[in-house]
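As a plain string of letters, each chain reads:
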Amino acid sequence: MVRWPQKIRFLLVFCILSIFLSLPALAGERLRLATTTSTADSGILNEIIIPFEKKTGITVDVIAVGTGKALKLGELGDVDLVLVHSREAENEFVANGYGINRKDVMHNDFIILGPKNDPAEIKKSKNAIKAFKKIANNKITFISRGDESGTHIKEKQLWKKVGIIPAGSWYREVGQGMGSVILMTNDLNAYTLADRGTHIAMKNKVNLVICYEGDKSLYNPYGIIAVNPEKHKNINYRDAKSFINWIISPECQKIIKNFKKSGEQLFYPDTVK
Amino acid sequence: MIYTIKKASFSYGNHKVIEIDSLSINEGKIYVLFGPNGSGKTTLLKILNGLLKIKKGIINFEGISIDADNFKQIRNNTVYVHQNPFLLTGTVYDNVAYGLKLRKKDKNTINKTVKEILEFIGLSGFENRKSKNLSDGEAKRVAIARALTLSPKVLLLDEPTANIDRESVDKIYGILKKINEINKTTIIISSHDTMFNKKIADEILYMENGSILYPKPFLCTQEKVSQNYEGNSYLGIIQ
Amino acid sequence: MFIESIKKAFELLFTFDNEVYSIVLTTLNITAISVVIAGCFSILLAAFIDLMNPRFKKILTAFFNSLLAIPTVIIGLFVYMFISNSGPLGDFKLLFTPAAIVIGQIILAIPIITSFILAGLSKTDLLLHETLTTLGAKKIDRIKAIVMENRILILSAVLAGFGRIVSELGISMMLGGNIRWYTRTITTAIALETGKGEFALALALGFILIFLAMFINFSAYIVLKNDNLLIFDIILNKVRGKLNRDLREHDIYN
Chain A
1 MVRWPQKIRF LLVFCILSIF LSLPALAGER LRLATTTSTA DSGILNEIII
51 PFEKKTGITV DVIAVGTGKA LKLGELGDVD LVLVHSREAE NEFVANGYGI
101 NRKDVMHNDF IILGPKNDPA EIKKSKNAIK AFKKIANNKI TFISRGDESG
151 THIKEKQLWK KVGIIPAGSW YREVGQGMGS VILMTNDLNA YTLADRGTHI
201 AMKNKVNLVI CYEGDKSLYN PYGIIAVNPE KHKNINYRDA KSFINWIISP
251 ECQKIIKNFK KSGEQLFYPD TVK
Chain B
1001 MIYTIKKASF SYGNHKVIEI DSLSINEGKI YVLFGPNGSG KTTLLKILNG
1051 LLKIKKGIIN FEGISIDADN FKQIRNNTVY VHQNPFLLTG TVYDNVAYGL
1101 KLRKKDKNTI NKTVKEILEF IGLSGFENRK SKNLSDGEAK RVAIARALTL
1151 SPKVLLLDEP TANIDRESVD KIYGILKKIN EINKTTIIIS SHDTMFNKKI
1201 ADEILYMENG SILYPKPFLC TQEKVSQNYE GNSYLGIIQ
Chain C
2001 MFIESIKKAF ELLFTFDNEV YSIVLTTLNI TAISVVIAGC FSILLAAFID
2051 LMNPRFKKIL TAFFNSLLAI PTVIIGLFVY MFISNSGPLG DFKLLFTPAA
2101 IVIGQIILAI PIITSFILAG LSKTDLLLHE TLTTLGAKKI DRIKAIVMEN
2151 RILILSAVLA GFGRIVSELG ISMMLGGNIR WYTRTITTAI ALETGKGEFA
2201 LALALGFILI FLAMFINFSA YIVLKNDNLL IFDIILNKVR GKLNRDLREH
2251 DIYN
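Residue numbers (the working numbering), protein chains in the order written: chain A, 1 to 273; chain B, 1001 to 1239; chain C, 2001 to 2254.
Everything labelled a hint here was simulated from the structure, so no lab data went into it.
A few of these clues could be false.
Below, simulated DSS-like cross-link-like pairs (lysine-lysine); rule was C-alpha separation at most 30 Å, straight line [what the hints assert, rightly or not]:
no.: 1; chain 1: C; residue 1: LYS2093; chain 2: B; residue 2: LYS1053
no.: 2; chain 1: B; residue 1: LYS1130; chain 2: B; residue 2: LYS1029
no.: 3; chain 1: C; residue 1: LYS2008; chain 2: B; residue 2: LYS1056
no.: 4; chain 1: C; residue 1: LYS2058; chain 2: B; residue 2: LYS1105
no.: 5; chain 1: C; residue 1: LYS2008; chain 2: B; residue 2: LYS1053
no.: 6; chain 1: C; residue 1: LYS2093; chain 2: B; residue 2: LYS1104
no.: 7; chain 1: C; residue 1: LYS2093; chain 2: B; residue 2: LYS1130
no.: 8; chain 1: B; residue 1: LYS1130; chain 2: C; residue 2: LYS2139
no.: 9; chain 1: A; residue 1: LYS205; chain 2: C; residue 2: LYS2008
no.: 10; chain 1: B; residue 1: LYS1016; chain 2: C; residue 2: LYS2093
no.: 11; chain 1: B; residue 1: LYS1105; chain 2: C; residue 2: LYS2093
no.: 12; chain 1: C; residue 1: LYS2057; chain 2: A; residue 2: LYS260
no.: 13; chain 1: C; residue 1: LYS2138; chain 2: A; residue 2: LYS233
no.: 14; chain 1: B; residue 1: LYS1105; chain 2: C; residue 2: LYS2057
no.: 15; chain 1: B; residue 1: LYS1101; chain 2: C; residue 2: LYS2008
no.: 16; chain 1: C; residue 1: LYS2138; chain 2: B; residue 2: LYS1107
no.: 17; chain 1: C; residue 1: LYS2139; chain 2: B; residue 2: LYS1072
no.: 18; chain 1: C; residue 1: LYS2093; chain 2: A; residue 2: LYS55
no.: 19; chain 1: C; residue 1: LYS2093; chain 2: B; residue 2: LYS1055
Kindly generate the complete structure, drawing on both the sequences and the hints.
In structure tokens form, the structure reads like this:
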């Protein structure tokens, strides 16, 4: 029978080998991209990243979190790139010196989702602000992302323009991703502000409809920013630049244009018509 | 005198368990501690093994005064066997060899010693038996064997014949007598088994309430008591 | 939906879906390493504490018990502060790698395994200790004996630790980043799919996790029944046999 000390030695060697093999140094050069959950969930990232990885041999790690956290990761230098959709926050990020080489990538829009019967009657509203006002006045349940995501920031901007701070049992800040929020909105027969991409992805799972759309204040632009290599060590700026060049290249912009879900186009490229 | 104890006391917390005015143990003799439950027999055995340290008083072992620093003296030369001995998981060999393995003896010596001792206690060929499969009597003998491998000067046993069958009791009697005769090992036993005590003891010490007393005749075997008491200094009562 | 999920779980497993296998293997790899390292450390720690004087022992036992209440996200956050590029250990580039998750999970597992062992040790204690003392055991011998005598307890404790870390989400998410093909574990994948509304898929992954846990626990039970790691012995003996043969071939002995 094999003695116990030998067994323990065996286990320890196995462990050390495994950890060694999974150490980052041996994993090859990786490019870290922080982006929002809605962007990642839409599925477009695969289409953009796979050709890039093939061409350059660079492995791209996608970390999908809320806009707020994505920018924070950039600020801390834990990622090399951020791809978010919150123009003001992006500008602040660059102004503070955390990011450089900012480029427009693509855009789509936000929509207000709600129950089929549109209880607040926002369909014919003049603009998004009026729509929000109607929802608040009628105290119809509204689900907010509440997580400093791009969607949440846009929502807050709209409330500001309405001139109120939404509060009360009808306004629920849930701190969850877009998908979860849409499901909740569906369960509670409520309204919510959503990006078109996630809505299209979830259409078949819920009974919500687009109650308001089209206002230019619902414009949702996406920007990509490289994390400033002078703020931190270990930033992979070289590969970040390659990726930015790729994503605004005509070839990639075409991929963005042709990306469809349920037959609908989700994103509109910025540098190609 | 292998042990000399003067004015010793030991307490568990506030509860005084041992209070001995004076006690001397002769080398090479077999002693029996006899007395009601709770009289401190086990505690005394543990003190004699160095498992417990007396709070007050003096212990001399082999003429050397024992204090907090040199407990090794007692520990290295005495072994205590529990009433329900704890056998390590593994085989009889693993158990009996344990003490020797601790002392880093080489494999050949260990094998030889274990074989000899197993023969001595009448369990030859038991090397590969699993310790959990032994009967109570066999387990006690293995525990004794385990103690013997260390060739201790003093062997302390707590109720060695409790809860085991007559045959095993006789075997243990035989073993202890042999050890005492051949190796001149001092043996100190605590036991309720009056027949066994009668046969084996050279001296009987009666304990009550943590002290060694002059034995109450109706509780102790008459012969041994009168033998010892006949004009002789009854160990434990006077100097 | 329930039945649909179980069906889906089997589908995923047996059609060898690449992504699912990547997720499962990543999970296994990470938790195995975490639990083994945490286990070794906890065993020694528990044995050490067991040998301390009673007052310290009680204080430390209570301390480790209370560590069980720390939420996984807090552990994640705590480790994050150290291994972030802005933190003191940033140069090791550990964040968003499997190694980072391992670190967090080790911290999570140690209190559980240690507390479990300590709780179970109290029973055989005194008799074992006195026997060891009377036979002349030194401290290191005691630790060895405590471990050997409590093998089954230790295995149960390690399994409990395994259960805790394989089901945790906060640490994997925070420190691993849920990166596809790299640090996506079963739990982070479940969180992702749930967020997307893919409930059936999420449940399917959940079932896979449960099957995995059952497999591991039942295997442990079988190993325990025989009271020795028989399979382990066979493998190791084969390895030794082969090494000996290799040595002989290279004439080392002659």
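Taking the hints in turn, this is what the structure says about them:
1. LYS2093/C to LYS1053/B: Not satisfied, since the Cα-Cα distance of roughly 55 Å exceeds 30 Å.
2. LYS1130/B to LYS1029/B: Measuring from Cα to Cα gives roughly 34 Å; hence the hint is violated.
3. LYS2008/C to LYS1056/B: Between LYS2008/C and LYS1056/B the Cα gap is close to 75 Å, so the pair fails against 30 Å, i.e. violated.
4. LYS2058/C to LYS1105/B: 37 Å, violated
5. LYS2008/C to LYS1053/B: With Cα atoms ~68 Å apart, LYS2008/C and LYS1053/B exceed 30 Å; violated.
6. LYS2093/C to LYS1104/B: Between LYS2093/C and LYS1104/B the Cα gap is close to 46 Å, so the pair fails against 30 Å, i.e. violated.
7. LYS2093/C to LYS1130/B: 52 Å, violated
8. LYS1130/B to LYS2139/C: Distance ~26 Å between LYS1130/B and LYS2139/C Cα, so the pair holds.
9. LYS205/A to LYS2008/C: Given pair LYS205/A, LYS2008/C holds - Cα atoms ~18 Å apart, limit 30 Å.
10. LYS1016/B to LYS2093/C: 63 Å, violated
11. LYS1105/B to LYS2093/C: 50 Å, violated
12. LYS2057/C to LYS260/A: 64 Å, violated
13. LYS2138/C to LYS233/A: 50 Å, violated
14. LYS1105/B to LYS2057/C: 34 Å, violated
15. LYS1101/B to LYS2008/C: Roughly 57 Å separates the two Cα atoms, so the pair is violated.
16. LYS2138/C to LYS1107/B: The hint holds at about 20 Å.
17. LYS2139/C to LYS1072/B: 14 Å, holds
18. LYS2093/C to LYS55/A: 25 Å, holds
19. LYS2093/C to LYS1055/B: Judged against 30 Å, a Cα distance of about 59 Å means the pair is violated.
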